[in-house]
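Q: Sequence order for the protein chains is A and B.
Using our numbering, the first residue of the first sequence is number 1, and each one after it goes up by one.
Using our numbering, the first residue of the second sequence is number 1, and each one after it goes up by one.
Quick caveat, the hints were computed from the structure, so don't treat them as lab data.
Restraint-style ranges between C-beta atoms, simulated for each label pair:
1. Ala124(B) - Asp76(A): 53 to 63 Å
2. Ile120(B) - Leu72(A): 42 to 52 Å
3. Ala6(A) - Asn116(B): 30 to 40 Å
4. Asp148(A) - Ile120(B): 52 to 62 Å
5. Met1(A) - Asn108(B): 43 to 53 Å
6. Ala125(A) - Lys95(B): 57 to 67 Å
In this text, a Cβ means the ideal position worked out from N, Cα and C, and glycines have one as well.
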Amino acid sequence: MIMPAATARVVITLADRDHGKARISFRLPFSISASDAAAVRSHIIGLMLPLTDARVIGTQIVWEYSDATPTLPAFDVKLQTKGVLFYRNATRAEAFYIPAPKPSLYETTGEYAGIRIDMSNPTIAAAINAISAELANTVTIEGLSFPDEYMVGGLVL
Amino acid sequence: MALTDNPTWQVSLTYADRDRNTSKIGFHLPAALTFAQAGAAMSTVTSLIEPLTDAVLVAQSLVLGQYESTWPATPAPESSDVERYADFSFIGAVKPARTTIRIPSILNTLVIDGTNTVNIADAAVAAFIAGFIDTGLGVGNSPVTNSGVDLVSLGATPEKKHRFSAKG
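The task is simple: from the sequences and hints, build the whole structure.
A: What follows is the structure in structure tokens.
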């Protein structure tokens, strides 16, 4: 079962003149809000800057969860394969990856058998449509709306 | 300095196979979401991935980041060197909990002349130490150890060190 860590981690990356980099990390209570964590991060950076002549070039606040005793899958699960779902809108295309996709997701006949996700299967189409609808609420790394039109999905080796 | 907020929450999902090899995938959420909202969205996506994969979800994370918009165009001064550092060791309220913060490129002006000892009587050093023990930003908003134990005091007096050097 996925459980939260005991603490959230704040990472501050600094660089010297020659682009040598170093990281500082410290911990905050996991329950801290994002806004409070950001305030603490700024406060600590403000206290740290008079002690160093390196430059702060980036920060992260990380909330981690893990499963220490997962129920492991079958022997033949191929983690080296990924499924990819392609989406587009009027201005761009984006991909979303699925690790070790179930072989049953793919078409079983024709030239794309075993390669293309079978959207003619109602169960598979419903699952893809559900995740597509949720991805429409996400954004790209630049903060732009994730494209909402599903194009095609398939196997990546 | 112009630390700029990333426009997104970065969500990372780690999946494992039988032999505990892992594979990561990720996506982004608007940074305007609260932690609870981002966590709920992460849970929704993982539940929707579950019927599509044979792998098992073993870890996930939510990250809020910043980047320095003027770097590397405006680099650190020539005197900077991240291989020169000082370790500040803090002791937790419950023994043996402790944590160490390594300040890179510690200013030589904060080191007692003729020694490698950081001058903890210096106002800036004292403020950093005090702030790490209690930020003054309210209960639950001060640094803790990995296991969540509150930090209550400074351990050994910090020393300036240099990587690969027997002395500072």
